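Each chain, written out:
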Amino acid sequence: MSTRLPQGGRLIDRSKTVKFSFNGKHMTGHAGDTLASALLASGQVIMGRSFKYHRPRGVMASGAEEPNALVNLGRGDSHEPNQRATVTELFEGLSATSQNHWPSLDWDIGEVNALLPRVLPAGFYYKTFIYPRPFWKHVFEPIIRRSAGLGRAPEHDARDPDRYEQFYAHTDLVIAGGGIAGLQAALEAGRAGARVILCEQTAHWGGRAPVDGVEIDGKPAETWINDAVQVLEKMDNVHLRLRCMVAGVYDHGYVIAYERVADHAPGTDAPRHRLWRIRTGQVIAATGALERPLSFPGNDKPGVMLASAVRDYAVNWGVSPGARTVVVTNNDDAYRTALLLADAGLSVPCIADARSESDGPLAQQARARGIRVMTNTGIAGVKGLRGVVGVQLCRQDGTGEVIEDVTCDAVAMSGGWSPVVHLWSHCGGKLTWDAERAFFRPDPSRPPTNQTGEGFVVCAGAADGALLAGDTMQNASTMARKALSALDFTSGAAVPSASAAEESPLLPVWIMPAGAGPKKRAKMWLDFQNDVKVSDVQLAAREGYESVEHTKRYTTLGMATDQGKLSNINGLAVLAQALDEDIPRVGTTTFRPPYTPISMGAIAGEARGEIFQPLRRTPLHAWHEANGAAWEPVGHWRRPYCYPRPGESHREAVNREITATRTSLGLLDASTLGKIVVKGPDAGRFLDMLYTNMMSTLKPGKCRYGLMCSENGFLMDDGVVVRLDDDSFLVHTTTGGADRIHAWMEDWLQCEWWDWQVYTANVTEQWAQIAVVGPKARAVLDKLGSDIDLSNDALPFMAWAEGRIGGFDARVFRISFSGELSFEIAVPASQGRALWDALLAAGAEFDATPYGTEALHVMRAEKGFIMIGDETDGTVIPQDLGLGWAISKKKEDYLGKRAQERTHMTDPGRWQLVGLETLDGSVLPDGSYALAEGINVNGQRNTQGRVTSTYFSPTLSRGIAMGLVVQGPERMGEVIAFNTTQKPARGEAPKTIEARIVSPVFFDPEGEKPNV
Amino acid sequence: MSEQAVSALPGAEATGVVTVREMGLQGMVSLRGDLAALGTVVMRLTGAEMPAVRAMTKGRGIQVAWMSPDELLILCDHGAADTLVADLTQAFEGQHHLALNLSDARAMFGLSGNASTLRDVLAKVTPADISALHPGEMRRTRIQQVAGAIWFETETEARVICFRSVAQYMFDLFTVSAKDGGAVGFNR
Amino acid sequence: MLTLTCPCCGISACETELAPGGEAHLKRFGPGSPDADFESYLFLRQNSRGVHFERWRHAMGCGKWFLAARDTATLEVFGTYSAQTTEPPADIIAAIRAKRPDWSPA
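Chains as they are written, first to last, in this note's numbering: chain Y, 1 to 1012; chain D, 1 to 188; chain X, 1 to 106.
For the record, the hints were derived by calculation from the structure and aren't laboratory data. Please read these numbers as outputs of a predicted model, since none were measured by experiment. No residue lacks a Cβ here, since even glycine has one placed at the ideal position from N, Cα and C. Incorrect hints may have been included.
List time: in silico SDA-like cross-link candidates among lysine to any residue, alpha-carbon distance up to 25 Å [stated by the list, open to error]: (1) D:Lys179 x Y:Leu242; (2) Y:Lys234 x D:Ala115; (3) Y:Lys890 x X:Asp35; (4) X:Lys99 x Y:Lys890; (5) X:Lys99 x Y:Leu242; (6) Y:Lys891 x X:Leu26; (7) Y:Lys891 x X:Gly50; (8) Y:Lys702 x D:Lys179; (9) X:Lys27 x Y:Asp755; (10) D:Lys179 x Y:Asp488; (11) X:Lys27 x Y:Thr875; (12) X:Lys99 x Y:Ala153; (13) Y:Lys890 x Y:Gln879.
Only part of the chain D face toward chain X is listed, based on derived beta-carbon distances under 10 Å [unchecked claim]: (14) Asp34; (15) Lys58; (16) Ser68; (17) Asp70; (18) Pro127; (19) Ala128; (20) Arg139; (21) Arg140; (22) Ile143; (23) Val146; (24) Asp172; (25) Thr175; (26) Ala183; (27) Phe186; (28) Arg188.
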């Protein structure tokens, strides 16, 4: 059983006890523990269940690569699934629960899956999706859903209480990894004067060196590490960051790092996570190497761990996974584990070494210590259900015949090491297979390239394949100098000499024993998290999967949250063997960011709640809010939809607002309307190109409605153009159109007609604009007092004037979107609220009624005015909308004119705008289609038109609609049927509504009302 | 009517690791034209030299900022903007240009605090290299989801301008970014 | 995430400060032009794998359009230049040739 050792633990403070709970059980650990080390210290070996077979699982690794020990962390609003216990720093009150178990961790009903391995073979989902189809929905899926899935999603109403943020940094060099290679690279770069950010994902500097007994310049590694950190901390150009993982490397030197600022110290006022967005010249990936498991039967049982992890737990946290540990290996490095355990007074019954010889210095030391070293030996089976009680040894080159049973309670395995090349690969760096040492390492001739076409990532130390301490240090300096020279820095200080015991070559071992039969291969796990075994990969090969990318998806190898950190190379080698191919020919899968999962909170950053998205507010927003406006989003703007009074429905409010406006006085906040000033000698010529109609002939003091089309001929915006003076115009756009149309103008001016003398400015937000509408509009303005003559003679419809109204500096436009007498008054935004208040006060006697966008829409529909986005959808040309009068016949050119010459655009069979009146007075459903005879090739009913706008008109007390109908204007008075979504009664035909084609102008067809 | 004029968020202020303040009404005049030909008039009317690319120059209670190859932003008293526009328009009579009072189209914020922390707070919201920005330069950039401009009056006092409609977003954004516990310790 | 240097204000801008505008150096065909020319102007694009000329606007910055010569496969940037030109200038062509000797303008 795992336990806390009486001594040791360089990272823990035994004087400080930390309380935590696991599955509701109270436990204690020490300050400096990880959740995994504290659980092991408390004798808790089983930490979770596997994904597919629900097999009991213990911790396998000691760091980011951990596949098994995933837990739910926290409760309620703070609940988070799939947290790796190995990288979770213990804190007081931590609460964790294990995953994938039902009903309990110790007794799980899903374990039965393991007894029926044929139920879930490789490719199960693909095969089962095919047939029988009904089985999927009714039989398999419900059962699988119940038992599948990693962790538990947070409750639907949970709200993360923590704060997250992002941070943009610019630097010369990012170094990922704070082991001895990263520190040495930082020293080189720091001395050279480069700006450096050094990130280490754990809470400690130095990486593995202190655990592996490395000596640097004749002193223990830890001494050198502490000195190096002190030196670096004093350098102004070097920034050190612990608990900060470089998650991804992207184009043009873009690096994402994930800093877990407060995970270990909840309750402080710091943000929980910070996402670093770094632009750097070069990246040094000093990311070390990961140990590979060995594929022997039962290698997933709790108590079977990586040999390096066993060392880590003993040295770093003073924890032993077992009292009797069998070491199984294909290399010398694992001997360090045996020696260390022996030093700690623990029993190592034997070292099973797959190689036929083992005579390196480490093996000699082990033998000298009396540890039994057995060569050409592997493991044929692991005894014990919920933990290890013994192993069965066999010859590695045999079929697995048991030669000896050895009693033990833990197994330390090592299949060799793989450089962590993820960051090299993220942005396209290629790998090369090192057959002698059995790993992929970066191919220096094919690096990821940046904006200048040069390589911008180097791997340093173990990540470059320099696994031995002495090589690591040398390599780190060499690669750092390479990166620095790309940045035009030079460095050349003496490189410290690092040393550790010599190692003899490893023997690549992908299956243990080599001749294992099918039964044994079905118990050799490759991917522990996704439950993929040697037999699954071999099945995929037999079924014809040759590409590793396809095999990966078919078997789900490497597709779990650990992204195959432990399984990829083993799986690839098994596939290569099954295909009788070389490993490099089978290729490797692509490493994609992030290196380990990062929180959604960090990705969202501060963008949540009120600042999830910028909300645009007019100068009158506060008044609308205080007066109960129901909001309508229009782009990022919020506009009042209507202002319901207490007890009033939205519909009732809209009707009241319309009636008040039509009979007396309505007020509309029109500030969101786009306003663009266009000025210069060529301004008229420019607007003639932009609009379908002629704008250059507009006289100063006058307004003209105009249409803008895309080069494809389709209507994209409309609005009123005002001629301010001889060489300047004010262009009104739709609410959503201001930025888009301004950019459109600048595009043509900068990229096509750059010799035209025109300047534009988007002045939308400079002005608050209020529409004063209704028969009493002039009366209220007269009451406020003005130096402008507001009479119909002096300021007729479609004219404008500048002056003072009620003491405000104002522009007054006689334009109307409602069909009523209307003055749109623009004042500087800072004075908008005061004008609004003044209009409300002066208008009180006329029952001045603020109205919202819905009343606006209904009133414009009553008048048959089109709305961009309702009557248009990107396929509609002005000619479809009866707007031929606004298309100049005189102009040789305007944007969209050529497109409108195409045959399809001049086809008389196009759908064209008409008004629609239901025979029964009801409101046509929005989006209804006008039905035609017969069905199309898809078996759908033919159509001859559709509804574009439909409302209840309180003015006419009936439903009104506009729509596009085939040759509509020629079919006035004809009755056509529209579909509905009402479900017909059994046996009856679908319900339709009949409507008569009429003029789209329902109200005041002569246009007399605004002309007074 | 200036006594009725109000800025976007009058008096808004929040303090965390730095202090964020809405600066009240600020005069802003946009001047577009051939910059090479505008210098003499700009100097006469503002007392400021023509700024180099991205630079800001100071005149008589006025700052002139380079916005683009054919645009300047003149910062002046709110009440003086209309007069300045009229003077510019008159001075450039017959010369292709555009002078507009855009004071009310924008909101301005002041951020003050320790020089390093101030830069850290700004670096949370913009991809611009804040460590390379110093007094005398204006950086137009993205401030999270909206456009804006940032400059330093001094190393401990920054200014941010954005469109008036998103003033609340900008204020909330900086308030959150400046919350206590939010120091990063990156900029020096 | 690209960085492009805006030739109008000198800023090395992050992609998120820029707005893309598609292929550069299109010749506009207006009223009266043959269908084939108009089709090519409006719809047909090089879609190169390799050297590509494209339009960008420094939207979250000085607001100006500029053009860039870029390799669409490696994302290498050969240069950025003024939008007020109908064809790539000689220095841009030379910069591309220096890196891609086999390339010739279409």
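Going down the list of hints, with the structure as the test:
With a C-alpha separation of about 22 Å, the suggested pair Lys179 (chain D) and Leu242 (chain Y) falls inside the 25 Å cut-off, and the hint holds. Between Lys234 (chain Y) and Ala115 (chain D) the CA atoms are separated by roughly 20 Å; this keeps the pair inside 25 Å, and the hint holds. Distance restraint check for Lys890 (chain Y) and Asp35 (chain X): the Cα-Cα separation of roughly 22 Å lies within the 25 Å cut-off, and the hinted pair is therefore satisfied. The hinted pair formed by Lys99 (chain X) and Lys890 (chain Y) fails the criterion: a straight-line CA distance of about 51 Å is larger than 25 Å.
With a C-alpha separation of about 40 Å, the suggested pair Lys99 (chain X) and Leu242 (chain Y) falls outside the 25 Å cut-off, and the hint is violated. For the hint linking Lys891 (chain Y) to Leu26 (chain X), the alpha-carbon distance of about 23 Å falls within 25 Å, and the restraint holds. Annotation: proposed proximity of Lys891 (chain Y) to Gly50 (chain X) is violated, straight-line Cα distance about 41 Å (limit 25 Å). For the suggested pair Lys702 (chain Y) and Lys179 (chain D), the alpha carbons sit about 52 Å apart, so the restraint of at most 25 Å is broken.
Taking the CA atoms of Lys27 (chain X) and Asp755 (chain Y), the gap is near 16 Å; set against the 25 Å cutoff, the hint holds. As the CA atoms of Lys179 (chain D) and Asp488 (chain Y) are separated by approximately 39 Å, the hinted pair breaks the 25 Å bound. The hinted pair formed by Lys27 (chain X) and Thr875 (chain Y) meets the criterion: a straight-line CA distance of about 24 Å does not exceed 25 Å. Taking the CA atoms of Lys99 (chain X) and Ala153 (chain Y), the gap is about 51 Å. The hint is violated against a cut of 25 Å.
A distance of roughly 16 Å separates the Cα atoms of Lys890 (chain Y) and Gln879 (chain Y); the hinted pair therefore holds under the 25 Å criterion. With 10 Å as the threshold, the beta carbon of Asp34 (chain D) stays out of range of chain X, its nearest partner Cβ sitting at about 14 Å, so the hint is violated. Given hint, Lys58 (chain D) at the interface with chain X, is violated; its Cβ is 21 Å from that chain's nearest Cβ, farther than 10 Å. For Ser68 (chain D), the shortest C-beta to C-beta distance to chain X is roughly 4 Å, which falls under 10 Å, so the interface hint holds.
Contact between Asp70 (chain D) and chain X, as hinted, is supported at the beta carbon level, the nearest pair being about 9 Å apart and thus within 10 Å. The closest approach between the C-beta of Pro127 (chain D) and any C-beta of chain X is roughly 4 Å, which is under the 10 Å cut-off, so the hint is satisfied. Residue-level restraint check for Ala128 (chain D) holds (minimum Cβ-Cβ distance to chain X is 8 Å; threshold 10 Å). Interface restraint check for Arg139 (chain D): the shortest CB-CB distance to chain X comes to about 8 Å, inside 10 Å, so the restraint holds.
Satisfaction of the interface hint for Arg140 (chain D) is found here, the shortest Cβ-Cβ separation to chain X being roughly 5 Å, below the 10 Å cut-off. Given hint, Ile143 (chain D) at the interface with chain X, holds; its Cβ is 9 Å from that chain's nearest Cβ, closer than 10 Å. Residue-level restraint check for Val146 (chain D) holds (minimum Cβ-Cβ distance to chain X is 9 Å; threshold 10 Å). A distance limit of 10 Å between C-beta atoms decides the matter here; for Asp172 (chain D) the minimum to chain X is near 19 Å, and the interface restraint is violated.
A least Cβ separation of about 22 Å between Thr175 (chain D) and chain X goes past the 10 Å threshold, and the interface hint is therefore violated. Violation of the interface hint for Ala183 (chain D) is found here, the shortest Cβ-Cβ separation to chain X being roughly 24 Å, above the 10 Å cut-off. Annotation: Phe186 (chain D) was flagged as interfacial toward chain X, and the flag is violated, the nearest CB pair being 18 Å apart, outside 10 Å. Annotation: interface hint on Arg188 (chain D) violated; nearest CB of chain X at approximately 22 Å, more than 10 Å.
Hint violations for this structure: numbers 4, 5, 7, 8, 10, 12, 14, 15, 24, 25, 26, 27 and 28, all remaining hints satisfied.
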